[in-house]
Every structure is written in structure tokens, then in C-alpha cells.
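Colleague: Residue numbers (the working numbering), protein chains in the order written: chain A, 1 to 277; chain B, 1 to 288.
Calculated from the structure, these hints are not laboratory results. All residues carry an ideal CB built from backbone N, CA and C; glycine is no exception. Mixed in with the good hints, there may be bad ones.
[Unchecked claim] List time: in silico BS3-like cross-link candidates among lysine-lysine, alpha-carbon distance up to 30 Å: (1) A:Lys170 / B:Lys3; (2) B:Lys8 / A:Lys170; (3) B:Lys248 / B:Lys3.
[Claimed, not checked] Quick list of the computed label-pair ranges, beta carbon to beta carbon: (4) B:Val176 / A:Tyr63: 40 to 46 Å; (5) A:Val51 / B:Val103: 20 to 26 Å; (6) A:Arg185 / B:Gly234: 57 to 63 Å; (7) B:Ile25 / A:Asp179: 37 to 43 Å.
[As the list claims (entries may be wrong)] Going by beta-carbon spacing under 8 Å, a handful of chain B positions derived as facing chain A: (8) Ile26; (9) Phe45; (10) Thr126; (11) Phe213; (12) Ser220; (13) Val251; (14) Gly252; (15) Phe267; (16) Leu268.
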Amino acid sequence: MSTPLSPTKKEKRWPSLVVMTLYLLFMVIPIYWLIVLSIKDNTEIMNSFSVLPQEPTLKNYRYILTDYSWYVGYINSSIYVVLNMVISLLLALPAAYAFSRYRFLGDKHVFFWFLTNRMSPGAVYVLPFFQLYSAVGLFDTHWAVAFAHCLFNVPLAIWILEGFMSGVPKEIDETAYIDGYSFPRFFITVFIPLIRSGIGVAAFFCFMFSWVELLIARTLTSTFAKPIAAAMTRTVSATGMDWGALAAAGALTLIPGAVVIWFVRNHIAKGFALGRV
Amino acid sequence: MGKTWNNKAWFMVLPAFIVVALSAIIPMMTVVNYSVQDTFGNNEFFWAGTDWFKEVLASERFWGALGRNFAFSVIILLIEIPLGVFIALNMPRKGWTVSLCLVVMAMPLLIPWNVVGTIFLLILRTDIGLVGYAIDSLGIPFRYVGNPRDAWITVVAMDVWHWTSLVALLAYAGLVSIPDAYYQAARIDGASRFSVFRYIQLPKMKRVLLIAFLLRFMDSFMIYTEPFVATGGGPGTSTTFLSVDLVKIAVGQFDLGPAAAMSIIYFLIILLLSWIFYTVMTRNDENA
């Protein structure tokens, strides 16, 4: 039974094809232009206009990948993103379990309070975060950014995991206890494997929101832990804007995302529904 | 499913609670502290009462930015939600094209927000940008740095490019969960394309669309990085949203009092709206 998204068989497929082609073009063109500019020389960018690069060069990439102050930004970003992902998941797993299985004093209020943190604007926190992390001596470290990003990633991870956990029948917990499993053993050997796709999705979202965030990451770092996104704000040189380097740096920030998407492509649809379909 | 009442469950929530509270409550206390005090430097603070709040609430600058925030959120929701649903309805269901669509559509979501701004800067400049150059060659004056209308088009187009896929992917997730039997039944009943959408597809998408609506509203209401990079809030204040203005006051001018008072008002607005949406959503979950 072939049932594409068009539910009636008579319907033609070509309008869908046109719509999707146009939409995908709309998605791809800006990225295409970024990549084209990144393989052009600055003189070519400024002096001649062409849709295809005339003399493709990897000069800009070579410059970014050999200049310490540039490439260290990628390393810094990767470190705090991974730290944040691990911290968020470790904190969110037990909390989400509690929310999905038990009722307790103030549970609904706490859950809502968690969500409000996902919704509060980063701009509100810029100054206080700066002061807080300076006061405890964590300013300009990867830990500062990793902890600060917990503000929105822990609530999000709890929200996603709670959705997936509620989909696991409670009888499984009870059977395990009757079979003599202790809680930690049950949680690690039985329960976590059952919700591994949920954990993958939560990890994906934590990665995503930590990787794309700039405001807080920039505020909490100066030199040592400076993220790549912040490094990109300094491409103005004496000879004008270094457009080629800017484009190459931007193009390089696409790679981690592209890799992650490739791995989770079969779970994206369900993942984006946060386990709530 | 009945949940058991067990207050010991708090111990499982506690670690997450402590970490998030450290990041949320202590900085918030600092903000409250600043909002009621004045300083002339030297770390000497004076009680200022509600002066800053009165100042912020009386300033046209604040109401202007707030109004622009609402206008922006309404515009992008009006575009992104219907467009996202439309795209989801047109997405293929089987074969390699599904993976292709999913991967391409998810791309913009994983680009750092300032890079999104940079990309639009690079494509819209009339000297080096593909689209900017093309529009200019057609003789249409498009000046996103000088013309408020064009700046708005830029900011909205940027957001549509960046986030429509999120709505589409959520709606698609809702659509693929509909069993074939529903469509077969509709065909036997001779249902029209529209009634299939209205009575089968839309109800199934309702919950995910609420999530999409909530995420898009909140994120658009706190937009900062993209307009900051692409238009810098200008020309004038035409694309200066609350976040942009707040950072300008707090970090740029270091006016702690007004910035703190503004933060609190901003935060309260968000809190109120979150509460409304959350109530609507959970009521919906219970009915589903």
C-alpha cells in the first residue's frame, strides 16, 4: 500500500516535488554562497562578481587552520559543548525519571519553573553571570560556559526525557523490582537501554543549543576559552573586512552540525517531536 | 497512568534543581539588587526604590523595543507555522529523498546564530552578495543598512530561513504517526483533500504544533544574535529588540539600574506568557 503524504491516490506528485525543490533551494542557497565565498580570494570577492568561483583556493581555510587564535576557538567550543552535554544528561536523567514516575510535593511547580529557565532570555543573564563566575574564579574557563548553558539545556533535557520515559510502561519497573533488581542496577541495565533513542535526542538538542549560543559564551570568556563564534567578530583588519576568512570560519562551524545530523537523520523526525507523538 | 505519591523522588530532582537554581536564582538576586539601587562608582550603592522601574516604564525606548518584539514574533509565527505545515504536507514519506529533505532542512538549525547573521550579511550585500547583487542589478533599491523596511525584511527572512524547518520537522513527526488505516477510511468515505487535512492530519499534528508554537514564540521573543550581527539593531532603532537594547544598556553603557529594572520587567512578561502557554499545553495533554 503506497501512501505518500498525499492521501488520495489520484493526486499528482509533481506539485509536492516543485514545492520541496523550491524550499530546499531556499535552504541551500545561503549556505552555498557562504562556501563559494570561502574558496575565493579576497581580491576576487571584491573585484569580480561570479556565481561560480573563478579560481578556487583553499587559502582561507589554510589561514584559519594554521592560525592558533582561530582554530583554538573550535577546540574551545567543542570542549564546553561536550562538557555541557554530559552534565545536562547526568542531571536530567534522574530528574526526568522522578517527574515521569512519581508525584511529589510541588512537582508541577518545579517542572514549570524548570521550563521558565528554558524561556528566559540570555540577555537578562549577561551581567549577573559575568559577576557570578568572576566571583568564584571560573571566568574564562570552559566550565563556566558549560555550567551557564545548563540553565537552558537541563530543563530542555528533562522535558524531552520525561516525554520518552512516560512512553515506557510502568509495569517494567515493577517487574524488575519483583525480580530483585536494586534501583541503580535497574536504572542502568534495564531502563536506560529502553530509552536510548530518547537519550540520543536529548543529547542532540543539548549539543545544538550549546553549539549555536553566542551571547553567554562570549560574555563568560575572554581569551583562554573563547568560542569560535566570538572569534568571528574580529575579522576587520587594516585592509578592510577579511570576507574570505570570515566565510571560511563560518563554513567550518557547519561541519559539527552536519556530522551530528548525518548520524541522527533516521531519528530526526521522531526526535523533533520530543517523544510526544 | 497513575503515579505514586513519593516525596523521596525529590532526591532525584535535587541535583538538577541545585545546578539550575545556582544559574538562575543567584544571578536573578543580583539583578533585583541592582534594580533598586543607584551608584556613583566606588562600589557605593544607594537605595533608589522603584525609581528605575518608573524610568523604564515611562521611557518610549522600552515600549518601542517591546512593541517591535511583539510585532516580530507575530509576523514570524504567521509565516513560519503555516509554511512549516505546508512543507511538512509536501514532504516525501519513503525512499532516499526523505533523508535528503531531513538533512538539508535540519542544517540551518545547527548553525551558530551569529554565523546565520554573517551568512545573510554575505548574501545581501550589494557588492559581494548573491541576492543583494541580483536585486541591485534588477534596479530595485534594497538597502538593509539604511532603510528600516528593508532591515525588517532582512530580519524576518533570516528567521524564516533559520527556523521554518523546525516547525516543518515537528509537523512532519506528527504526520508520520498517522496510521495508513485512517487514510484508507477517508478514501472509502470519499473525503476531500481538505477534509482529510482538517479532520485527520490537523488533529494529529495539534500537540507537536503547540510545541512548535511555544518554542518559536519564546525564541523569537528573546532574539538577539541574528539582528545584532546582520543589522546591529539599525537603522536607528528600527530593529532594536528588547534583548539588543538590554545588552546595549547593560554592557555598552554600564547603566546597571535601568538595565536591571528592564531585565526584571522583561523576565516577568516572559514568565506570564510562559505560564499561559504552559497551562494551555498541559490542559491539552490531559485531554489528549
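Colleague: The structure should be examined with respect to each hint, and the outcome stated for every one.
Modeller: Hints and how they fare:
{"no.": "1", "hint": "A:Lys170 / B:Lys3", "result": "holds (9 Å)"}
{"no.": "2", "hint": "B:Lys8 / A:Lys170", "result": "holds (18 Å)"}
{"no.": "3", "hint": "B:Lys248 / B:Lys3", "result": "violated (48 Å)"}
{"no.": "4", "hint": "B:Val176 / A:Tyr63: 40 to 46 Å", "result": "holds (45 Å)"}
{"no.": "5", "hint": "A:Val51 / B:Val103: 20 to 26 Å", "result": "holds (24 Å)"}
{"no.": "6", "hint": "A:Arg185 / B:Gly234: 57 to 63 Å", "result": "holds (60 Å)"}
{"no.": "7", "hint": "B:Ile25 / A:Asp179: 37 to 43 Å", "result": "holds (42 Å)"}
{"no.": "8", "hint": "Ile26", "result": "holds (6 Å)"}
{"no.": "9", "hint": "Phe45", "result": "violated (14 Å)"}
{"no.": "10", "hint": "Thr126", "result": "violated (10 Å)"}
{"no.": "11", "hint": "Phe213", "result": "violated (13 Å)"}
{"no.": "12", "hint": "Ser220", "result": "violated (11 Å)"}
{"no.": "13", "hint": "Val251", "result": "holds (6 Å)"}
{"no.": "14", "hint": "Gly252", "result": "violated (11 Å)"}
{"no.": "15", "hint": "Phe267", "result": "holds (6 Å)"}
{"no.": "16", "hint": "Leu268", "result": "violated (11 Å)"}
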